[in-house]
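**Student:** Protein chains in written order, with the UniProt record's numbering: chain A, 1 to 605; chain B, 1 to 247.
Hints are computed from structural coordinates only; laboratory data are not their basis.
Careful, some of the hints might be misleading.
Claimed, not checked - Calculated from the model, a selection of chain B residues having no Cβ within reach of chain A, i.e. all distances over 10 Å: (1) 11; (2) 51; (3) 56; (4) 105; (5) 110; (6) 123; (7) 158; (8) 164; (9) 169; (10) 188; (11) 189.
Said to hold, decoys possible - Quick list of in silico lysine-lysine cross-link-like pairs, DSS-like style, CA-CA up to 30 Å: (12) B:37 <-> A:337; (13) B:198 <-> A:284; (14) B:37 <-> A:284.
A quick note: this is a predicted structure, and the numbers were derived from the prediction, not measured.
Heads up, the beta-carbon is just placed ideally off N, CA and C, and yes, glycines get one too.
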Amino acid sequence: MDRIETTDASLDPDPSQTGFAIPNDTPPSESHADHHAEDVCPEDPSPDRYPDTQRAGTASENAAEAQARVLDADVQKEEAVEFTEPVCPDMSESDSGKVSGDCALTDSGQDNSGEFVVALLTRAKLEEQGVGTEGTPSPLSEDGIPVRASPHREEDISGESWRQHRKHVFVLSEAGKPIYSRYGSEEALSSTMGVMMALVSFVQSGDNVIRSVYSDEHTVVFMQQGPLVLVSVSSSRQSEQQLRDELLYVYNQIVSMLTQASITRIFENKKNYDLRRLLAGSEKILDGLLDLVDSDPSFLLSAVHCLPVASSFRDALGHILQKSITPNLVFSILIAKNQLLTIVQERTVLGDARLNAADLHLLLNLVGASSAFQAGEIWTPICLPGFNPDCYFYAYISYLDPPECTVCLLLLSTDKEAFYAVAECKRKIEEAMQAQNALSAIAKAQFYSVSQVGVSDLRHFMYKPFDVPDNHRQLTQFTSPEMEAPYSNAEERTRLLDLYRDMHSRVHSSSRPLKLIYHVAERETLLAWVTGKFELYTCFSPLVTKACAINAITKLLRWVKKEEERLFIRYPPKYTTTPNPSKSSRAGKGGAQMDAADNGFLPLP
Amino acid sequence: MHAQRKMRKPDIKMVILGDMNVGKTSLLHRYTERSFKDTLSTVGGAFFLKQWGPYNISIWDTAGREQFHGLGSMYCRGAAAVILTYDVTSWQSLVQLEERFLSLTDSANGDCIFAIVGNKADLTDACARDVAPKAVRLEEGDESDHLECPTPPHTPTVHKQVMREDALALYNRIIHSKVLEKRTSPPAEDVCFETSAKTGYNVDTLFETLFELLLPSIICTQTQVESPTVCLEDYEEMKKKKPVCCT
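Just chain B, with the same shape it has in the complex:
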């Protein structure tokens, strides 16, 4: 680890919201630790700093429990991206996003990017079940591959309660209700995902896509708080690493 890590200053903030037991912590665990394990119910919120190339991205993994609902807006304050997570096998979890969690995002940035993520896809879609090795390969390939990852074919094993169309519709409603400009916010197809933290299906795609989308804002915030000194290390790293996503 480089010396600069000591003064880790987050460049941008991301928040994961969603009902309890939809797999928020597992998604993040899959992405950062590359593994899946049983997690305990999150208390309050957990803060993670992810190094993505030269950038530090802070991710708040929040508790889905109603008990901690009051903290939600605190976690969301100044967030540049919000990941709204539901469970594809639970219609209720999608409903909760609109009823309970959407209002929390009022304190996020005005140009906040929303992503709608249906987790536990491995339970309903055969393709999501043993996709892990493929996901790793994808990650090493170039970005265009990520975005073109096909939606899994529908061969349900557990009854799928939430279809991708429902998520797309929710996204469009959010964009509409937040009066975000359709022009500047990414199209629904790009930011609605079905993932599986258990197999790793689509998890990297989710985070990497969002990071790519956030890049303009990151650069923007960096120039805003431009300090008189130039960090050479950052510059060098940027040069070397910019096109490649982190591993």
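Just chain A, same shape as in the assembly:
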């Protein structure tokens, strides 16, 4: 137990973390510049997720750092003037009036930069109001991309409701071409995205990398991945790192559809390529992902939630998958009610490689987004970025219980041509499951209620163990009961998730990581505890005492230990589909994992 931090009954996260509670009269000083160098690292495109080096931090340091994070505010302030002219030549007095209303101003340089962005974004939007939305062909429509009929896409980006969205996500190319926007059409947003790109390249020209901008209501996080720039504009009060992780999911979902290698190649050939040509039709997949990211804690914990079933039953299912194989089959995954039931993987070719939780999330999201026509058997290339970002697997997706479509079988092969062989595996699996009456047993599988734990005052929890045997070869998993009253409606659920996210960000804060947090909020009390063996987030009724909560956690841990077999996949089974690897022309020359997936890319224009 490292430190118990008690906060008063306030729902607001620690103001020192949101980065705007900085004394107005603090001029940017030398020490800020030092921090700046630490945080704004030009050479490091992929920041460590949870840095091992736990920097000791004090509150003031924290604040200073937050300020520094907004880049060299001074420089930006100076440049902003220069910069504004070419981008937005006809800025009127009324525009700036509106802008200052958007963002509470202080004298600190940091807030100025926040204002700067908001100003530019607002301006771009005003411009579009006149141009983009009135059917004037934008320079982007030349590729003849059909207009998509989705309510989000048609949303008027000049409307107040567009601005009110909790979290915007934009993806653009280095040339400033829009690729994706969560709300509103990309065409209409082309000048807004142009401004974002201008910000990115302006900072880049100073040999630096823009990472985030804080205003009092929004956090803007920038992330560059190869030729793509991803931007999150959020009022969710999540930490920068959390937003960054979410952007990484978005990037990886795009990679899962195109592979990193082909994205790189496309932009090497043609810098201003319109990637929407290739992603057209996939917006729903990204929309779905972002909705999941907002509502499913699996993404926050980067862990997979398993459907609880008796371990003997899980083993039986694993056994069925293990027996129904064909050459080049590498993963067999059974999903029920959108949760993992069991996963079996190839042994010889994959070796110790494992499917990581993030890849599985992307897969599950794809399954959810492609379920429109559930009678058919789907065969599609998919890249698993965590496994190998440059190669495709071929995924066979089929539901075992039409028309309900809750039990889904996912078979991944490395052979593009293996559809019929893999489809045959499905028939075998289907037959074996019928023989064991497995489908009805799956239908009976339930999520559990927190009342089963038998700890009073405990309302909800999320438990992510690290001590699973063989854990380096294991899928990261977590367990959590259903959210029940008072968290039975969407609004309350979001509120609880927000509290969890806040706890999570403090536990994993890079400047001041905590091991134990006891947080008394307005309507509940939360306790987060991280050890070398697990990560645990609990939610109690507001009247619980500290001693009582700690006592409850002991009981909870005991219960989880007892139920472990049912809650987690303990020993994922394996099979060998290539007894003689050299026999297969496509997979496994020598059994290296890269070779396993090395079957070329889709030819691209």
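Place chain B on chain A using the hints.
**Tutor:** Here is chain B on its own, set in the frame of chain A:
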């Protein structure tokens, strides 16, 4: 469902190609599920097995998105029929057929049958709009009715960009470029359709006509891979059902 369905072996393969958003999935959905619903963009390709009388016809519903273009030839390999689909309200979608999709069909069978289908006819032709009950009646009638279904009169509501003549011309170009024998390939009038997945207009006619045209090839493939054992069930069914199309 009969026991033999377990060992469903497709007798013949059919592929639906076309640009995204022309309604490939909706056409197939209308035909197999008898309904129209909003579909999501197809990922990769979806495989369906349609029982047509005693025969199993596999249908590949492919994604129109450029992203999956590379898979096209894999789906087309060994196909006995290719349905090239366009949207009657989009000239571009017809152009795409020739520019992007035709080359994929190189891996199809040499005697592959092509069909050109203009979907979304309900948007441009009044006759296609509420034809659904009629289509059902037609389906129950005998085959000759199907083939004689008249083209809808031209009373456009949305601007029709692709005329039937354009589709016929495209078909003739395809036959010419593929050096298929004019004699053996069906005449353009028989295999160019204007359909509406939304109302069901011409959808059954399309599939049933193609199946009829494929019948010789199906029988041919069946005799080629004639197994020493005779499936009595198949034989009986064939006797009973042969002249009637499935429902």
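**Student:** Each of the hints needs a verdict: does it hold here or not?
**Tutor:** Consistency of the hints with the structure:
1. Interface exclusion of residue 11 of chain B from chain A stands, the closest Cβ pair being 14 Å apart, more than 10 Å.
2. The Cβ of residue 51 of chain B sits about 13 Å from the closest Cβ of chain A, beyond the 10 Å cut-off, so the non-interface label holds.
3. For residue 56 of chain B, the condition that its CB be more than 10 Å from all CB atoms of chain A holds, with the nearest at approximately 13 Å.
4. The beta carbon of residue 105 of chain B sits about 16 Å from the closest Cβ of chain A, which is more than 10 Å, so the claim that it is off the interface holds.
5. With a least CB separation of 20 Å from chain A, residue 110 of chain B remains clear of the 10 Å interface cut-off, as annotated.
6. The Cβ of residue 123 of chain B lies farther than 10 Å from every Cβ of chain A, with a closest approach of about 13 Å, so its non-interface assignment holds.
7. No beta-carbon of chain A comes within 10 Å of the beta-carbon of residue 158 of chain B; the shortest separation is about 14 Å.
8. Distance check on residue 164 of chain B: its Cβ is at least 22 Å (rounded) from any Cβ of chain A, clearing the 10 Å threshold; non-interface status holds.
9. At roughly 22 Å from the closest C-beta of chain A, the C-beta of residue 169 of chain B stays outside 10 Å, upholding its exclusion from the interface.
10. Residue-level check passed: residue 188 of chain B sits 27 Å from the nearest beta carbon of chain A, beyond 10 Å.
11. Annotated as non-interface, residue 189 of chain B keeps its C-beta farther than 10 Å from every C-beta of chain A; the closest such distance is 30 Å.
12. For the hint pairing residue 37 of chain B with residue 337 of chain A, the CA-to-CA distance comes to about 23 Å; that is within 30 Å, so the pair holds.
13. Simply put, residue 198 of chain B and residue 284 of chain A have alpha-carbon atoms about 22 Å apart, close enough for the 30 Å limit, and the pair holds.
14. With a C-alpha separation of about 17 Å, the suggested pairing of residue 37 of chain B with residue 284 of chain A holds against the 30 Å cut-off.
The structure fails none of the hints (numbered hints given earlier).
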